[in-house]
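Respectively, the protein sequence lines represent chains V and Y. So that you can map any letter, position 243 of the first sequence is 243 in the numbering used here, and since no number is skipped, the others follow by simple counting. So that you can map any letter, position 175 of the second sequence is 439 in the numbering used here, and since no number is skipped, the others follow by simple counting.
Watch out, some of these pointers could steer you wrong.
Said to hold, decoys possible - Quick look at which bits of chain Y chain V covers, simulated, 3 or more residues with Cβ under 8 Å:
(1) 389 to 401
(2) 414 to 424
(3) 430 to 439
Claimed, not checked - Where chain Y lies over chain V, by a calculated footprint (3+ residues, C-beta under 8 Å):
(4) 96 to 108
(5) 115 to 126
(6) 135 to 143
(7) 151 to 163
(8) 215 to 221
Hint data in this document are derived by calculation from the structure and do not stem from the laboratory. Keep in mind it's a predicted model, so treat the numbers as computed, not measured. Glycine included, each C-beta is placed from N, C-alpha and C at the ideal position.
Single-letter residue listing:
Number of protein chains: 2
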Amino acid sequence: MKLLEKKGFIIDIDGVIARGQTPIPNAIEAVEKLREMGKRIIFVSNNSTRSRKIMMERFKNYGLKVSEDELLIATYATARLISREKRNAKVYTTGENGLKEELRLAGIRIVDYKNAEYLVVGSNRGINFEIMTKALRLALNKNVRYIAVNPDKIFPAEDGPIPGTGMIIGALYWMSGREPDVIVGKPSKVIMEDALKILKLNAEDVVVIGDQIDVDVLAGKRINATTVLVLSGVTTKENLNEKIKELGIKPDYVLKDLSEILRY
Amino acid sequence: MKLLEKKGFIIDIDGVIARGQTPIPNAIEAVEKLREMGKRIIFVSNNSTRSRKIMMERFKNYGLKVSEDELLIATYATARLISREKRNAKVYTTGENGLKEELRLAGIRIVDYKNAEYLVVGSNRGINFEIMTKALRLALNKNVRYIAVNPDKIFPAEDGPIPGTGMIIGALYWMSGREPDVIVGKPSKVIMEDALKILKLNAEDVVVIGDQIDVDVLAGKRINATTVLVLSGVTTKENLNEKIKELGIKPDYVLKDLSEILRY
Numbered sequence: 001m002k003l004l005e006k007k008g009f010i011i012d013i014d015g016v017i018a019r020g021q022t023p024i025p026n027a028i029e030a031v032e033k034l035r036e037m038g039k040r041i042i043f044v045s046n047n048s049t050r051s052r053k054i055m056m057e058r059f060k061n062y063g064l065k066v067s068e069d070e071l072l073i074a075t076y077a078t079a080r081l082i083s084r085e086k087r088n089a090k091v092y093t094t095g096e097n098g099l100k101e102e103l104r105l106a107g108i109r110i111v112d113y114k115n116a117e118y119l120v121v122g123s124n125r126g127i128n129f130e131i132m133t134k135a136l137r138l139a140l141n142k143n144v145r146y147i148a149v150n151p152d153k154i155f156p157a158e159d160g161p162i163p164g165t166g167m168i169i170g171a172l173y174w175m176s177g178r179e180p181d182v183i184v185g186k187p188s189k190v191i192m193e194d195a196l197k198i199l200k201l202n203a204e205d206v207v208v209i210g211d212q213i214d215v216d217v218l219a220g221k222r223i224n225a226t227t228v229l230v231l232s233g234v235t236t237k238e239n240l241n242e243k244i245k246e247l248g249i250k251p252d253y254v255l256k257d258l259s260e261i262l263r264y
Numbered sequence: 265m266k267l268l269e270k271k272g273f274i275i276d277i278d279g280v281i282a283r284g285q286t287p288i289p290n291a292i293e294a295v296e297k298l299r300e301m302g303k304r305i306i307f308v309s310n311n312s313t314r315s316r317k318i319m320m321e322r323f324k325n326y327g328l329k330v331s332e333d334e335l336l337i338a339t340y341a342t343a344r345l346i347s348r349e350k351r352n353a354k355v356y357t358t359g360e361n362g363l364k365e366e367l368r369l370a371g372i373r374i375v376d377y378k379n380a381e382y383l384v385v386g387s388n389r390g391i392n393f394e395i396m397t398k399a400l401r402l403a404l405n406k407n408v409r410y411i412a413v414n415p416d417k418i419f420p421a422e423d424g425p426i427p428g429t430g431m432i433i434g435a436l437y438w439m440s441g442r443e444p445d446v447i448v449g450k451p452s453k454v455i456m457e458d459a460l461k462i463l464k465l466n467a468e469d470v471v472v473i474g475d476q477i478d479v480d481v482l483a484g485k486r487i488n489a490t491t492v493l494v495l496s497g498v499t500t501k502e503n504l505n506e507k508i509k510e511l512g513i514k515p516d517y518v519l520k521d522l523s524e525i526l527r528y
């Protein structure tokens, strides 16, 4: 089965299309080639702080035009999940404006914690004691549904590791004993099944492409899709075998970068 | 063995002497009576944000004069521990000014995280993303010794629960897999053995008094001292039996409040 015979491609952004603000060589061209071949493409990212609008700007800077339908950011996937569960749900969130924007666009009301039906945990570079106190009180309330945008523990920033959403998840777990009722981002099936729904394809017709074995490849395996690991991000030629051994997960294909897919 | 035959008394502050800013009726008088009887007294508190100087001001407001020798706040006990381990150690701390004050008084240098030999985790009402990032990077560095001022998860504030030091401990554990190398505050033996050292007494000669079974009573049991639970704080007549059953720890004596000790 050749990769290019598949109908849809679920593609991670960071480490596949770009590293931070810088596009990865030939990745943009590869996406354009896939489009010319009539493939359905969706970019799926665990980002918990940015809205699709912000990400569209980024793609514009990478030199690639994408529509909102082609972007499934975890912020947006969280908004979709909640609005499927409850119309006009009342949400308290630890997150940033990008997340709030997606929640509001889905008709969700951002409220103070005392009125919240949902606690939505996303990363926040402006995190403070007050936000953590409110989140704690909601986590202690079993009537409040607790959703985490992604499970990411640490994010590799340019000057070193920085906390991901997991910082808040871990703090709440330690204090309250409670873990999220649902985690939306990869490797959760929640965001992957939503991607299939948007693509209007079954898992056997898609390829899941990403740079992290325990995030992208695992997410692909959980929906039984074909998985491709690219070595243009977190996983490299040097640490590949060690990571496969450590995690016990093997991608179906390992490519140098996204552009290599055109050879299959 | 009567309680009043003991030579020394290790007394918790919050829930025994006062609740927040308000002294507990008759507790101050009881302390004064014990003093008149020639008992050695030390107040041991898990507080991770206040220095002895700040606590002395509080005691003054309670109407009780205490000297610095009678106060073993976890901030001070942390400073004592580190200065025993290393002279002029270089410390990065997540904590507040009260903690920093005690560290500096012990000759410890407060440095930026890049130069730190120790990570000292204390609660901070001004916690932010930058502090958490620095603490994370130090927790990831096995050469850095990681001390937590206390293990308290949640603090019962007047308007509801608020995060304790455990918020930071839990966040770091979740992200890095690392727990503190040493926890100073109760129920750790570290602060209790330090209290005995300051009192110049053996455990069999002291009574440990507090309002929390899993904090004060457990700490007392760990050094094999006689333990007294008072029902003037977190533990009440209503939840006493449930808590003893849940925690599997039984205090030697249960008193309504500190003043009842004078009857034994």
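| Hints breached by this structure | 4 and 8
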